[in-house]
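There are 2 protein chains.
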Amino acid sequence: MSFPTPGPKQELEQGLTFTPKFDQYGLIPAIAQDHQTGQVLMLAYMTAEALAKTLELGQAVYYSRSRQELWHKGATSGQYQIVHQILTDCDQDALILRIEQLGGGACHTGANSCFYRAVPLGQTPENSKLTPVSDPD
Amino acid sequence: MSFPTPGPKQELEQGLTFTPKFDQYGLIPAIAQDHQTGQVLMLAYMTAEALAKTLELGQAVYYSRSRQELWHKGATSGQYQIVHQILTDCDQDALILRIEQLGGGACHTGANSCFYRAVPLGQTPENSKLTPVSDPD
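Keeping their order, the protein sequence lines are chains V and G.
Letter by letter, the first sequence follows residues 1 to 137 in this note's numbering.
Letter by letter, the second sequence follows residues 1 to 137 in this note's numbering.
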């Protein structure tokens, strides 16, 4: 099980062969986005194995960096993510999963999106606060 | 110029102090999303310095991993990104920039979004193709 090796820039950007680029830890970032509202729900990472399983199952399978194991989202929490579409970017080193979120939310805290706090502009690093947001969209 | 050190899990997830977590290269991923349509335009990375400048200017400043330098998006291309809102996630190791894209698009290829190709589901890694998408939203 392996994806083709990324080719030269032109092929990577304009080609129609999927050659995902994994980093030095074998990971690629995947943005989970609600397929209907466009709300960004979370950012997680995939190994080649996780990505292959996601393509096969049509459900999001990530790699847990903290637990260092394959993470079929929802398998223990019920927060399954049904994948409607996967997109890759110009240099094929990032993914978007356009998904339908099951189980009431994407975040383990119970929030719909993991992005439930805003960082107000104009602050300095030494003194920067967060403000809760109910729904970024 | 430095952000506070991340605290314990509870504080990280529920607190209202911004303590962004940078990886071992000093980077944090930032998702640029159109503030009106919700379309995800690109994924890039920031150093603490880039993030501080973004907060100060209200325009996206990233760190270019390939050029290994601060990257004020648009300074050479005109593709400036006016930041309307910044969000951080539960463990504060990822950001969303809700932006207004100037200069006709976010991608250096001329596309509005860098995510202009889809990865059809059900494919095997050995034989996976891409299909162009005109607008993922």
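Where hints are given, some of them may not hold.
Chain copies aren't distinguished; within one or between two, either way the pair holds.
Unchecked claim - Below are the DSBU-like pairs computed for lysine-lysine, each with C-alpha atoms no more than 35 Å apart in a straight line:
(1) 9 / 21
(2) 53 / 129
(3) 9 / 129
It is worth saying that the hints were derived from the structure and are not from the lab.
Taking the hints in turn, this is what the structure says about them:
1. 9 / 21: The answer is both: 12 Å in one copy and 31 Å across copies each meet 35 Å.
2. 53 / 129: between (39 Å within a copy, 16 Å between copies)
3. 9 / 129: The answer is between: 17 Å across copies meets 35 Å, while 40 Å in one copy does not.
The earlier numbered hints are all upheld by this structure, with none contradicted.
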